[in-house]
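Protein chains in written order, with the numbering used here: chain A, 25 to 454; chain B, 775 to 1077; chain C, 1078 to 1363.
One or more hints might be untrue.
Pairs of lysine to any residue residues, derived as SDA-like cross-links and limited to a Cα-Cα distance of at most 20 Å, are as follows [unchecked claim]:
| hint | chain 1 | residue 1 | chain 2 | residue 2 |
| --- | --- | --- | --- | --- |
| 1 | A | K393 | A | G157 |
| 2 | A | K65 | B | G866 |
| 3 | A | K65 | B | E854 |
| 4 | A | K65 | B | T862 |
| 5 | C | K1167 | B | F821 |
| 6 | C | K1167 | B | W816 |
| 7 | B | K809 | C | M1230 |
| 8 | A | K312 | B | W816 |
A short list of chain B residues far from chain C (calculated; beta carbon distances all over 12 Å) [as the list claims (entries may be wrong)]:
| hint | residue |
| --- | --- |
| 9 | G866 |
| 10 | V873 |
| 11 | S902 |
| 12 | Q918 |
| 13 | V942 |
| 14 | G975 |
| 15 | R991 |
| 16 | M1071 |
Hints are computed from structural coordinates only; laboratory data are not their basis.
All of these numbers come straight from a predicted model, not from anything done at the bench.
Don't be surprised by glycine CBs; every beta carbon is placed ideally from N, CA and C.
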Amino acid sequence: MTRKYLTTLVGVCLLLTGACSSAEGGDGGDDTITYWSQWEKDEPQAAVLEDAIESFTAETGIEVEVEWQGRQVLQKVRPLLRSGDVPDLVDSSSSAIRATLVSADAARDLSAVFEAEVPGENATVGEVLGDYGSLITADSLDGPFMLPTITLAYSFFYDGASHPELAESPPQTWPDFMAMLQGLKVARGSGPVAVDGDIGAYLGVWTSNALINELGEGGFSELIADETGEAWRSPQVAAALEQIAQLPADDVWAEGSFGSKFPQIQERWAAGESDILLMGSWAPQETKNSTTGNFEYRQFAFPEGSAGQFTQSDVTGFAIPTDAEHPEQAEQFLAWLTRKDVMTALTQDALQLVTRMDLEAPPDIADTKRIMEETSVVRVYDGVDGDYPGYVTEVFEPINKQLMTGEITPETMVDQLVSAQADYWARQGQ
Amino acid sequence: MSLSGVVAPEKPNPRKMGVFRHSRSARMRTSPGRKVANLLVWLLVAFNLAIFAWMFVNSVRTHSEIFANPWSLPAALHLENYANAWVTSGFGNAILNSVIVCATSAVAIIALSAPAAYILAKTNTRMSETMLLYIAVGIGVPVQVIVIPLFVVVENLNLLNSLQGLIVVYVGLNLPFTIFLLAGFFRSIPDELEEAASLDGAGTFAAFFRIVLPLARSGMVTALILNLVWLWAETFIALVLIQSTDHETLPLALLNFMAKQQYAGADYGQLMAGVCIILLPVLAAYIWLGRRIIEGMTVGANK
Amino acid sequence: MFWPFLLPALVVYTIFMIAPTVASFWVSLYSWDGIGEMKWRGLGNFELLWRDEVFHSALWNTFVILVGVGLAVFAFSFALTMVLRDMAGKRFARAVLFFPSIVSPIVLAIFWGFLFQQRGLLDSFLHGVGFSSTPNLLGEHLWLIVCMGMIWMSTGLYVTIIMAGVDQIPPYLYEECELAGASAWQRFRYVTFPLTWDVISTAMVLWTVSSLKIFDFILAFGGTTNDLPPVGVWNTALFVYGKTFGGRAPTYQLGYASASAAVTLIAIIVLVALLRRLNSRDAVQL
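Here chain A stands alone, though its shape is the one from the complex (with noise of 0.2 Å):
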């Protein structure tokens, strides 16, 4: 009888195992690379990646498999780091790259993308897109960890058709920006300013700049930097906080703006219930079903500070991890990303601005161009995020909530990044 039991049992587990050892599937063959992707699969952009992939199997027979993971894309890649079983290609934004694949050193080095030629054209990918030099390069590595296909930057949105006089003389400094939203509040009779404060970058990204534009690019990093965190006691940094906590203390959040869901506010500014809204340059993309009558989009730059005037820039683009099984393979379907029909696709089609210099910008963001032209361009929160993994979501974030909604002074937020980065600093303990 015992012998039967056992019998039984281990066959169960063998049934178990067995099944497990024939868990992995779905790699495809040698001329199959796998994509995971930041996109939706009903976005835009998506359905533009579908095409490109549809002529790239049609020319080189290597077929691309797609997950259409959104934008959590590397926080389902980081955990198959170790073990290697990695998909062949991912996309993100340069900041979330270096900070999941560069800083565990999992990024290929993708010189030779740079160097081959763009199918079907007479140069190479590195001669046709723009530089973007410190964006997509790293210490550890000699070439660029990614190859960078949009790019993004934030600046004010609003509605031209009903705001001609923004277009004409746009806000320089920041008291001739409060004093718009003054005039914008009193037309209205309520919060000219949409924002989305369930997200805490949208909140981040205001603040960010006032500091950057006081403290020069490079002097956020390097509050990050101080591993006791007092360099935030300086003048510089308390002009940029009082500025932001004017907002509140003004109160031109548009109705809403702390008590919804992302992207209700963002939609509702669409639709015409509010003036102004902070956004990168996929505004348009997101928004333009939400649009009502001949809503026109028109931007203007974040305004000047004492250092400077600044716009905050990222790229978004493909990386290819160390572990993918089909490397070249996926090499090659990047530089088939960079033929001039593709971009074109990804501008007409996705309305973004793409990193080949020489497609015009979609006509909803011309101006961003612009002001990415007349500004000074540094990358988005000063590279923090991608610098300092989780420093922004653990430590910025929640206290600029609160000086963004009015319940802490400056002074309050100073003392707490104080002490809450000296304990990031302590985590991260060597």
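Since the structure of chain A is already known, use the hints to place chains B and C on it.
Positioned in the frame of chain A, the structure of chains B and C alone reads:
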């Protein structure tokens, strides 16, 4: 978990309840406070019903209609919400994954738990008591305490991002509770039956399979249902162990579906349709098995 | 036959439950990102937790759920049980109240958010009946809203459990009471209470265990599903997730998160021990 009040999951005896009712109702029926209390309870019931009704109603309205007025009825039936939701959500694939994971895990859990529970229920030695205590410890360990080592274990077994990895972990996590539940059922089976069996010359093994298991069938079905209810909604472990959208279970697909609604231009009509796609089978199962589920979950706590 | 019956379950249980629990304590003494070397930190992680306000609030929130939400759930459940018992249509009412217990908490959270957000159901209702300014519930009282949600979704189960406990009291006890001429209070004091106390104390343990595991209902209150909810509503489950696998660019502080898990576990052990002491007087054990 104290092992008290072990009574077979008997159906409430109407006579018994009748006696009970007499002892109180005469006094309580008349009071106005009682009427208010009844009203409040019915209001709460109405609230619960209204929630689900609201979701169904709004699943056939357009996004702009919902935002314009969340309270009104549909102007036209936008059934395309369901088609769109089904396509964008990838629920089809996720449901298949969830069915595989839940069914396999639940069966494996019962298969492993039943013998262990039986032997622990019927043996009365120091060792069996120690073992019972050892297993009891596991009931109180919350997922967040073990999720990190579990991730590492599964990674080292090369089972990360596979349904098999998820199944193995689910089995491990649900064993302690299930063993306890089943031990209660086995204890309620009179020893005499097995003694009779052993007089007939059957060993423990045969007695277990031929006599005890058939008798404890209802207990095992209860345990199965409980495990299925729990596994069907499990999110934390799945979130950590599954990365590929090909392998995602229903809760993960639902989370991703929410994100899709946000980035690809919000569409609350479609979101509600997606929610209803999730709800309908649960509702159907509840109407079909409702009493069994309620009793199961209650008996579980009464063990 | 003892071991052959027990061993398979015991092995799986030990590998996937006990070993990880022990390992959790071990990892908590290191700094580790899951990829590189593990670096010895000793009690350094615990020192940092001691100062980490996010962890304090997560632990406090866990405690609030356990005690505050728990008390509310039991109070409501008791009240509902008392009313339901003698109510016409009690089976239907109970079935409806129970239903949220088996629905995915994510679904409930989606609805709960829509109920309370500005321009959501409640907000537009209040505007409709003439209130000009409405409170910013999701923005300023998110934690309260989340707690109310947890009370609402849990009560049905406990109503059912307590009702079943009350129903199990053998009727002859009441008959004897009546023969002995006991008052209503005495009946409650000497029969109903001691005999349901058993079920209640089990239900309390059940609540203790399950309340600590609440995760997805809170998670679904994030700004988007890639972003975690604000740290103010984290419990320790979210804390562990947030410090390791969660967020857009997850940080994998496995050692630090393990330390928080260890603290959580110790806190639970202390609480359960206290609960058991509280309950030790019943012990109507079979």
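### Message
Holds or violated: A/K312 and B/W816, Cα atoms, limit 20 Å.
### Response
Not satisfied, since the Cα-Cα distance of roughly 45 Å exceeds 20 Å.
### Message
Run the distance test for A/K65 versus B/T862: straight-line Cα separation, threshold 20 Å.
### Response
Measuring from Cα to Cα gives roughly 7 Å; hence the hint holds.
### Query
Given the proposed pairing of C/K1167 with B/W816, does the C-alpha separation stay at or below 20 Å?
10 Å, holds
### Query
Can the restraint linking C/K1167 and B/F821 be considered satisfied, given a maximum Cα separation of 20 Å?
16 Å, holds
### Query
In terms of Cβ atoms, is chain C entirely out of 12 Å range of B/R991?
Fine: 18 Å to the nearest Cβ keeps B/R991 off the interface.
### Task
Against chain C, does B/Q918 hold up as non-interface, every C-beta pair farther apart than 12 Å?
Incorrect as stated: the minimum Cβ-Cβ distance to chain C is 4 Å, not above 12 Å.
### Non-interface label on B/S902, tested against every C-beta of chain C at 12 Å
The claim breaks: B/S902 does not keep its Cβ more than 12 Å from every Cβ of chain C (closest is about 7 Å).
#### Entry: Assertion that B/G866 lies farther than 12 Å from chain C (Cβ)
Answer for B/G866: holds, closest chain C Cβ roughly 17 Å.
### Query
Are the Cα positions of A/K65 and B/E854 separated by 20 Å at most?
18 Å, holds
### Query
Quick one, are A/K65 and B/G866 close enough, alpha carbons at most 20 Å?
With a Cα-Cα distance of about 15 Å, the restraint between A/K65 and B/G866 holds, given a limit of 20 Å.
### Message
Need the status of pair B/K809, C/M1230: alpha-carbon distance at most 20 Å?
### Response
With Cα atoms ~25 Å apart, B/K809 and C/M1230 exceed 20 Å; violated.
### Reported absence of B/V873 from the contact zone with chain C (all CB gaps over 12 Å)
Holds: least Cβ distance 15 Å, greater than 12 Å.
When each numbered hint is compared with the structure, violations occur for hints 7, 8, 11, 12, 13, 16.
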